[in-house]
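Read off the chains here:
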Amino acid sequence: MTSANSSWVDKVKANKNIMSNKSLWSYVMVAPVMFIAFVVPMVLLFIRSHHFGIEHEQEAARMLYEKQVVVMHTIGLGSMFYFLIGALGIIYAFTKFSYLFSMSKLDFYLSLPTTSARRMQSAYFVAVTNFITIFLGVEVVAILTALAFGALNAALIIAVLIQTVRMIIFFYTCFTITTLAILLCGTRIIALILTAIMLYFPYIIGEEFHYLNRVFFSTASYMSENTAILSPCNDVKNLANNIMHRYEYYSIDKSFDISSVMSNYLRLIRYDIDMIVTAIIATALVVFVYKYRRAEHVGKTVIFRLVRWACKVLVCVITSLGGMVVLHTIFDMTWNRKLYVLLCIAMLTICAFTGSIIEICLDSDVKSFAKGKRQTFMAMAILLLIFFIYRGDLLGYDSYVPNASSVESVALFNNDFGYYYQSEYIHGFNSSIDWHTYSFKNMKITDMDTFLPIAQKSMECARKADGDYYKYGWEEKILYNLKDGRKVYRDVVIPYDIDPALMDKLTSSEEFIKGHVPCFGDDFFRAEQISTGEASMTCSFPGGDEFTTDVSVMGDFIEAYKQDILEHYKFSYIKDTSAIGEVDFNNDPYTSYYMPVFENFTRVIDVLTKNGLYKGKEYPVDKIQELTVTDNFPGYNFNEMSLEEQREVYDKWYYDGKDFGFNVETYTDKDKIKEIMENCIFENYVEWENPFDKVDKKFNVSFDDKYQDAFTYHYSFKKGSVPKFVYEDFNK
Amino acid sequence: MIELIELNKAFDDIKAVNHVSLKIADGEVFGLVGTNGAGKSTTLRIIAGVIKPDSGVVCVDNRPVYDNPDVKKDVFYISDDQYFFPNSTPNDMAGFYASVYENFDKEKFYKFLTGFGLDKDRKINTFSKGMKKQVSILLGLCAGTKYLLCDETFDGLDPVVRQGVKSLFAAEMEDRGLTPVIASHNLRELEDICDHVGLLHKGGVILSEDISDMKLNMQKIQCVFKTEEDEKKALEGLDVLIHDRRGRLHTITVRGERADIEAAFKRADMIFFEILALTLEEIFISETEVVGYDIRKFIMG
Numbered sequence: 001m002t003s004a005n006s007s008w009v010d011k012v013k014a015n016k017n018i019m020s021n022k023s024l025w026s027y028v029m030v031a032p033v034m035f036i037a038f039v040v041p042m043v044l045l046f047i048r049s050h051h052f053g054i055e056h057e058q059e060a061a062r063m064l065y066e067k068q069v070v071v072m073h074t075i076g077l078g079s080m081f082y083f084l085i086g087a088l089g090i091i092y093a094f095t096k097f098s099y100l101f102s103m104s105k106l107d108f109y110l111s112l113p114t115t116s117a118r119r120m121q122s123a124y125f126v127a128v129t130n131f132i133t134i135f136l137g138v139e140v141v142a143i144l145t146a147l148a149f150g151a152l153n154a155a156l157i158i159a160v161l162i163q164t165v166r167m168i169i170f171f172y173t174c175f176t177i178t179t180l181a182i183l184l185c186g187t188r189i190i191a192l193i194l195t196a197i198m199l200y201f202p203y204i205i206g207e208e209f210h211y212l213n214r215v216f217f218s219t220a221s222y223m224s225e226n227t228a229i230l231s232p233c234n235d236v237k238n239l240a241n242n243i244m245h246r247y248e249y250y251s252i253d254k255s256f257d258i259s260s261v262m263s264n265y266l267r268l269i270r271y272d273i274d275m276i277v278t279a280i281i282a283t284a285l286v287v288f289v290y291k292y293r294r295a296e297h298v299g300k301t302v303i304f305r306l307v308r309w310a311c312k313v314l315v316c317v318i319t320s321l322g323g324m325v326v327l328h329t330i331f332d333m334t335w336n337r338k339l340y341v342l343l344c345i346a347m348l349t350i351c352a353f354t355g356s357i358i359e360i361c362l363d364s365d366v367k368s369f370a371k372g373k374r375q376t377f378m379a380m381a382i383l384l385l386i387f388f389i390y391r392g393d394l395l396g397y398d399s400y401v402p403n404a405s406s407v408e409s410v411a412l413f414n415n416d417f418g419y420y421y422q423s424e425y426i427h428g429f430n431s432s433i434d435w436h437t438y439s440f441k442n443m444k445i446t447d448m449d450t451f452l453p454i455a456q457k458s459m460e461c462a463r464k465a466d467g468d469y470y471k472y473g474w475e476e477k478i479l480y481n482l483k484d485g486r487k488v489y490r491d492v493v494i495p496y497d498i499d500p501a502l503m504d505k506l507t508s509s510e511e512f513i514k515g516h517v518p519c520f521g522d523d524f525f526r527a528e529q530i531s532t533g534e535a536s537m538t539c540s541f542p543g544g545d546e547f548t549t550d551v552s553v554m555g556d557f558i559e560a561y562k563q564d565i566l567e568h569y570k571f572s573y574i575k576d577t578s579a580i581g582e583v584d585f586n587n588d589p590y591t592s593y594y595m596p597v598f599e600n601f602t603r604v605i606d607v608l609t610k611n612g613l614y615k616g617k618e619y620p621v622d623k624i625q626e627l628t629v630t631d632n633f634p635g636y637n638f639n640e641m642s643l644e645e646q647r648e649v650y651d652k653w654y655y656d657g658k659d660f661g662f663n664v665e666t667y668t669d670k671d672k673i674k675e676i677m678e679n680c681i682f683e684n685y686v687e688w689e690n691p692f693d694k695v696d697k698k699f700n701v702s703f704d705d706k707y708q709d710a711f712t713y714h715y716s717f718k719k720g721s722v723p724k725f726v727y728e729d730f731n732k
Numbered sequence: 001m002i003e004l005i006e007l008n009k010a011f012d013d014i015k016a017v018n019h020v021s022l023k024i025a026d027g028e029v030f031g032l033v034g035t036n037g038a039g040k041s042t043t044l045r046i047i048a049g050v051i052k053p054d055s056g057v058v059c060v061d062n063r064p065v066y067d068n069p070d071v072k073k074d075v076f077y078i079s080d081d082q083y084f085f086p087n088s089t090p091n092d093m094a095g096f097y098a099s100v101y102e103n104f105d106k107e108k109f110y111k112f113l114t115g116f117g118l119d120k121d122r123k124i125n126t127f128s129k130g131m132k133k134q135v136s137i138l139l140g141l142c143a144g145t146k147y148l149l150c151d152e153t154f155d156g157l158d159p160v161v162r163q164g165v166k167s168l169f170a171a172e173m174e175d176r177g178l179t180p181v182i183a184s185h186n187l188r189e190l191e192d193i194c195d196h197v198g199l200l201h202k203g204g205v206i207l208s209e210d211i212s213d214m215k216l217n218m219q220k221i222q223c224v225f226k227t228e229e230d231e232k233k234a235l236e237g238l239d240v241l242i243h244d245r246r247g248r249l250h251t252i253t254v255r256g257e258r259a260d261i262e263a264a265f266k267r268a269d270m271i272f273f274e275i276l277a278l279t280l281e282e283i284f285i286s287e288t289e290v291v292g293y294d295i296r297k298f299i300m301g
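If you read the sequences in order, they're chains R and H. If you number the first sequence the way the working numbering does, the last residue is 732 and the count never jumps. If you number the second sequence the way the working numbering does, the last residue is 301 and the count never jumps.
It is worth saying that the hints were derived from the structure and are not from the lab. There's no promise every hint is true.
[Said to hold, decoys possible] So the derived list for chain R, only partly shown, Cβ under 7 Å to chain H, looks like this: (1) K105; (2) S111; (3) T115; (4) S116; (5) E296; (6) G299.
[As the list claims (entries may be wrong)] Computed list of chain H residues with no C-beta within reach of chain R, every gap over 10 Å: (7) N8; (8) C59; (9) Y83; (10) G117; (11) K146; (12) L168; (13) E209; (14) N217.
Here the structure is a predicted model, which means the values were calculated and not measured. Backbone N, C-alpha and C fix where the C-beta goes; we use that ideal spot for every residue, glycine too.
Construct all of the structure, not just a fragment, from the sequences and the given hints.
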């Protein structure tokens, strides 16, 4: 049966009888499950989309697209049943190696005429061939079904083939990790727990450290990615994305072609490389551990002392860090520095508690709660080390500014500009703008001599601000695209006293502007896209609002806007200039993009004027029947206060909700209204907003827009231009 | 021949097998007896290649057994809790073993099953404990291996079946030189089947002898001495293993040949003297009591 001259494959095949006993059940059980998971939903969704298309008179292209989406989400790269494969890997491993948990089974298997290596190889051979046979069989049926419904093209076939390979690798990885856990444990339940730990701990620890960065560091950004390695389940996020935002990656006109499928897959490939590396390491460990696994280990919880130590320390660290994360989440809104002490104490308490629970579980004996103190102390020491590294920023996280030579490019995202970038993931099938990450995708600044000094100052300011950024500057996000492929995100605060010349140099560059204002980077604004959607444009200026659906006007406007932005956009201008109005650009009923218009955007104003869309930057004062002036800070004279003092008082009112009381004066006298309006501006500082030197924030001027029957208008007095009678009225 | 040389096996702090050396000759029935926890099952598992010894050597026909499929082809191990595939029938198990042991004789297996009144197509999990034991023994006998290792296999068999199995053992030994190794603490079951016995206690071998020699070398005497002086004269120079007194009646277990013992007791005047036949169980109790395993201490304190 296993003669010396036989090849390895012959030997494995000869031995496979030993491990393949009663494997028919797996075909009977697994094949229908896979069929139900991969084929049945596909057929049902095909039928549904077909009927939906007919009922709603969809075009043939749209109906085909819907079918292709179904293929992509059942057997393609966005398969919803990815985790079924992982679960099967775990089940197969427990089925093939469950004999290691039973002495009678060990007596049976280990006394049979084979070697331990052959037994292992045979178990692998049987499990993997069994799975692949069933899986490929079901895949073939699914592909034939998709073909029968006319839903496949070359790109989708490639997507399905890639996903098939991915799933087989995922199965193998889960199978091997579970096998490793089984080899390290003598009981089923502990093996199952260890499987979960090994599958998820790199990801969980990655998430915990990711969160701790935000707890301890002023410059940590939620944009940073979890870069956990050796984590086959890291794909969970992509899976969720694929399900939640299925149209983000695929759209009707361009998605299901080969280049698009491949570029989408390349986004995921690092997870697959990580999975393959994990599988190789796990396989090597299985081979190593199997040599040391003995029959007498049955019934022990964790077999090897070293593994028991490592597991306990690891679980203690994970749960304690997790506890810190939960505590911080609870106290997030009332966070202060004293809470770090509480956090540290809580972390150590959780560690001690977890250590006791682990000992009780491993020994199945409550009396063991005090055992294993050394491991618990080791975990505490590691936790304290982590805590002090984070608390003291010993690795220099909060002061990290890379060398210019190591940076490929950088991007700067202005949080305050978010209002103009409405986040909409799903806007028909024409575009895929994620406004929020637009700058990170499209801004490629390479002028490090200008950028890095700003970054340096902004990091310092962020540390000083420690969360209260509005007191010190403008909150921004930085992305460093490093030459080694890493992406490093930081939340920084550009100080109010930043050198304007430096900022102007940075912000007036084409690479900044084109990565900052989305109209340059996406086909959302392309004429042909506008013409296919339900596009419209609303022009809002104090002189009056106008609306158009004329595609050619919109095209002209966009072109003019691009030129004006390129010519005039720079830090000092945008910071010091209030926009005279805005254009609300709608490509379809679900999305809008507010584009501020400044006084010197002459090309834009010309286009709008020519088409009757610009009604002037001044509100017709004679139309105002009644006007109110509100003093939000009675008792404070902003003229006698420094800008910092004004900002402090204002921030307390605006951000912290402190009530200073308020007084209101109402004016109906036309002359007074005129004088007030002459000394006011429509306050519309879009970006780099710091208007305390330009407007008097003590007062707010408002009136109802009876003229257009629209909303209430809010104006502010120009700095030092509050009419005397206003002061007198309030001091009465 | 199976040879165990200086075998040691410990489970954590417990020495299960302690310097065990045994020789199991071909063609004889070897009984491995011992107290509970003496290391019988562990020794058998080591011989079967299930457990790797910490130190020492196990050779089957001069070949190491552990992880050696060529040797394991000659050994069939029946554990005290034999495993059968879930929902399998004797026929299924025969099919499996036939694929693993090239000399497995299915025809013979079916014949034996019929002889023992077992249905080859009935699920084994519906069998009684004794019936399962029968199936495992018959599978072992039909595997065609040279050695058959049985761990507590005769427990749970009724006397008729036990006799039947013994007959089959005898026939297989006669036909193809089968060498059964039977571990048991039930000495009455081994007495009439074993040729040779290895006695284990606390992981070590107390003795390993042919049963006939064992019985010849140990005598049990019941006697009544006239005086204490006679008692001293009679027992002088004898290897007394157990000496029990009930009134004037002495029950003495002595190591030595019958003739020598008789000659020794003739030195004294006695009211009553008789040499009784020793059972294997009594030999076992005597030998283990010598090394401190006195069952009466457990019962009476």
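For this session: Could you work out which earlier hints the structure fails to respect and list their numbers in ascending sequence?
Result: The structure conflicts with hints 6 and 9, although it agrees with all the remaining ones.
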